Every structure is written in C-alpha cells, then in structure tokens.
Amino acid sequence: MGAVWVYSEIYAGRPAPVALELISKAAELGEATAILLGRDAAGAASVAGEYGAARAIVDARADYDEHLAPAAVPTLAALVRERQPALLLFATTYDSRDVASRLATRLDRGVVTNATGIEADGDGFRILTPWGANTIAVCELTGPGTRIVLVRPKAFTAVNSGGACAVEQFAGPLDAATTAIRVVETVEETTQGPLLSDSKIVVAGGRGLGNADNFGLVEELADALGGAVGASRAVVDAGWRPYGEQIGQTGVTVKPDVYIACGISGAIQHLAGMKGAKTIIAINKDPEAPIFRSADLGIVGDALTVLPQLIAEVRRG
Amino acid sequence: MRILVCVKQVPDPNTVVYQIDPGTKRLVRDGVTNVLDPGAEVALEAALQLAERDGESTVTVVAMGPEDAEDAIRRALAMGAHDGALITDDALAGSDALGTAKALAAAIGQIGFDIIFCATESTDGYSGMVPGMVAELLGIPHLSFIRSLEVRDGVLTGQRVIALGYQTVQCPLPLLVAIASGSHEARYPALKGIMAAKRKKVEEYTLADLDLDPDDAGEAGARERVLELLPVEERQAGVIVEDNGDGAARIAELLRQRGVL
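Chains as they are written, first to last, in this note's numbering: chain A, 308 to 624; chain B, 2 to 262.
Hints were generated in silico from the structure; no laboratory data involved. Predicted model only: the values in this text are computed from it and were never measured. From the three backbone atoms N, C-alpha and C, an ideal C-beta is built for every residue, glycine too.
In silico EDC-like cross-links for lysine to aspartate or glutamate, where the CA-CA straight-line distance does not exceed 16 Å:
id, chain 1, residue 1, chain 2, residue 2
1, A, Lys582, B, Glu235
2, A, Lys592, B, Glu243
3, B, Lys202, B, Asp84
4, A, Lys592, B, Asp247
5, A, Lys585, A, Asp603
6, A, Lys582, A, Asp564
7, B, Lys199, B, Asp69
8, A, Lys585, B, Glu235
9, A, Lys592, B, Asp244
10, A, Lys585, B, Glu234
11, A, Lys582, A, Asp603
12, B, Lys26, A, Glu447
13, A, Lys582, B, Glu234
14, B, Lys199, B, Asp72
Chain B regions said to be covered by chain A (calculated; three or more residues, Cβ under 8 Å):
id, segment
15, 125 to 133
16, 137 to 145
17, 221 to 235
Using the sequences and the hints given, assemble the complete structure.
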C-alpha cells in the first residue's frame, strides 16, 4: 500500500483530536503522512509522529491562519499532483469539508463523505459509510489517482505509540478565490465544562423539554454527574442552545460511558452522533420514539417529572 | 443584485424511513412524499430577506432533479422567489456530488449572478460537498455555515458559526454563501404567493443545454460506486418501562451498576 495522507487541522498547537485518530488509522493502512499548515505546524508535527505519522509535510506560514481553511486548497492540489498519494483523509468537520470539496473539484476526483471504516483492498480501498439507520454502504472510488475520503470523528482510535516523524518543509501556492475572505473577529459564546466530545458522561436534551428554560434541568443533572451538556439539532436550530452543544451527524460525535437522552426522539441524524455510547438511557413521553430502539434503559415518561427526581437521587449519591 | 439560490427536493424528513433499493443501490424515492429541503428553505429565506432589504434584487431558484422537482421550485416561488430553473435529464440520475455541482455550476454560469445561496448540507445526503464544489467550478470564494449576513458596497459581512461561537467574516462579491440550518425562520407561503407562483417562469435545462457530456454527470460520471450494502449491527434490545414514579430510581440504579454513582 502506498502513502496515506491526513489533512490535519491544528487546534491549540496540536493536531486536532480527530486528526490524531486519522493519523493512527493511516499508519495501519500504509505510510502515514500528516499535512500541517499554519503557524503551529512544526510543533504539531512532533505530536503527529507520536500518533503514527512517518512523515509530516509542514508549511508554517501564517497565511493559513489568517484566512479560512480553503486557503489550503492550492497547496494540497500541488502536493497531490506532484506525489499522488494512494489516499487522502479529511475529518468530517466544516473546515475540512470546505477544503475537501474544493480540492476534489480542482483535481476532478470523486469523494466519499461520512466514512466510518476504511479497509485496504488490492490497489484500492473499501470505504464504509452509513446510509440511514440500519444500512452500511461499502463504496469504492473508481478512476485513477488519489482517493479522497472524509471520515467521521471517533470512527477510529488515536494511538500514541511514541514515534517520531521526518519533517519536510514545503511552501505551497496561495490563490485569490480562497484568500479573498477576511476574518474580522472570532467570538466565543460558550465554554463547556468538560469538553463535550471527550466527556465520559453526557446529558442531552431535545424538544421534549418544552422550552429553553426547562433545559436548566439537563444542565443541573450534567453538573451533578460531572458530565457535559449536549443538545439535539432541533433545539439548536430553535436557538435554545449554542451550536457547540449539538450532537449528531451535524455537530459533535460523542462516545461516552453513559449517555442520557432527555426528550430526544432519536432521529437518524442524532443517533449518528451518539450511538457509540457504552450505555444509553432515554427518557421520552412517546413510547414509539426511535431513541428507545438504541436505549439500554428507556423510561416512557415526562422528562420534566423524571429529571428533578433523578437530580435529587444523584445528589444523595 | 442577481441572487441565485440552489435548492433541492428531498424525501420529507418528517415522514420518511430511508430505504435503499438493493438493485440500483440508490435511495428509494417511490411512494415517499417529496418536499423542498428544509435547509434550502432556510437559505431561500436568507436570500429573500437580503432582496427585501435591498429592494432592487431578483431571486432565482435553481434545482437539479427529476421532472417533479418542479414542485420544490414552485414552493420556493410561492415563498417569494421571482423565477426558477430546473436542470432535468434522465442522464443525470445517479449523479454524485461533483456531477451535481457540475450541472448546477453550468446552469448558474448561463443565468448569471452576483451572489449564490445554498444550504450548508442537504437533509437527505448530509455530504456538504456541493457548495464548495459549485464555488470552485465558478472560480469564486465560498463561505459555509453563515447564520447572518449583510451586503454593503459589494462586500458581504457575515457571521460564520464555529464550534464555540462565531467568526465575523468579510468577502467581496461575487461569492457563494452556505447558510446554517435553523439560522432563519422560513416563511410559510401565503395563498397569494401560491397563486402567483403558478404564473412564474421556470426554465428547463438538459445536459445538452449545459454543454455537459454524460461522462461529467449522472451515473456514467460518478466516481463513487457502491459495492455492497451491509446491515448495521443492532444494539442489544434494552429494557423499556413506563414511568410509574420509579423512573428516576431505575436510572439511578443503572448508574450505580455502571459505577457512575
């Protein structure tokens, strides 16, 4: 198997957690190369090595930080054309989707999104991607050249094997269509206690709570359990909760030890973001709610009745 | 301004149980109610609000799909779009994201535009690839996940949603903006709008009209091939009980068993 590249977003000076998952998977499939662009690229490269990258291609110019993610497209296109890796992996995040969609177009390549599994298969790859609630489609990309695949967070496990990688400096081209956008300011609106995506306990709420004020019960229970607060897309769309708390196909993917869904019906798109939880507990008034098909314990009842009692029980210990 | 909105007809997300045809390996669309994608309605709402503030803009909706996708366009016209374009051709069935983007970009290039709106992702496919692809084919910048925007002196200023908050971003026109779901409350078409929509013009485009080869789009051009469909491993059935006042106690008991309490 040839080279497997990972476009690694950088967060707080390190490859983003999902990038480390992809780097570890790439090392399983072939020779893993991390592509790191931006001010902190050199520091991030050593972490990429620890998680399995044999090589890092680094362009540490600040241009990539000063513009939105698509500024990386011309650099990636130049590298892929020159070196033709077998596979190029992206995470399913908004920034990486913006990069991958433009890159695939520039290279005239197909792309598979939302992958949850990749297997080497001769010269190609079998790519697993969920279709609806109960089917996995096994796909391949046809035609010559590099395969571009976007992978869901938490599909693979990041493994720190303590290695080091060879670092190569590269100065890629920039272009007008992807650097015309100016970031004027960045504003943080939410600060999750334990970071939602890595929390061992997640308490999430949905429409069944009735209104935004009642969501306070979800926060209280999460607080009492030392867990994080999550939300369904419906309540984020309704403006009850910030986007950073949205769990599902769109938003955060969680794999906690315990997931408590309060007033969430369990649409396919929500299940995609939490069905990897070890234990799922659901409270919903509707006995037909799809969430119950995934629950280890389902309480058919009103979350507004059950939650105050549960908070009291938890506080008693 | 000439405002274009890319819309899509999708199976009604409130009723549909997604089924895949094992023969064609495509989504079963027979016997399901199709609607204008709720995400596209939100993008259209953002476009209509911009046009209303501006007062001198036209809003054209563009869709690719089978003949009956005209229903989705009529809905958009009833909401207030001025006219529509439907790209429809049997050879387009089975298009992948890039094939879809090529058809949309070709039509958009012929119609002309100052700004293009679309949903950040469709409600049936969730790939989120088409906005960036269309922008790349047209050689213009794109902004994803925009929740609010203003255009002044040919420059768009908008708020782009990020995990912990938002970024304020600026970009000169022409450009494509993908609107975040739920960021705008889509208007419900009034009777007057529904009546007016029947008289509005919907132009049809075929592959030949767009100077595209069958290899560019449709099944022949698709690079993603489905090899097989596998069932998802079901979780073991759990215990589902009516809350008779003991629901909280049962949950607490399970939390103790799991060592959380």
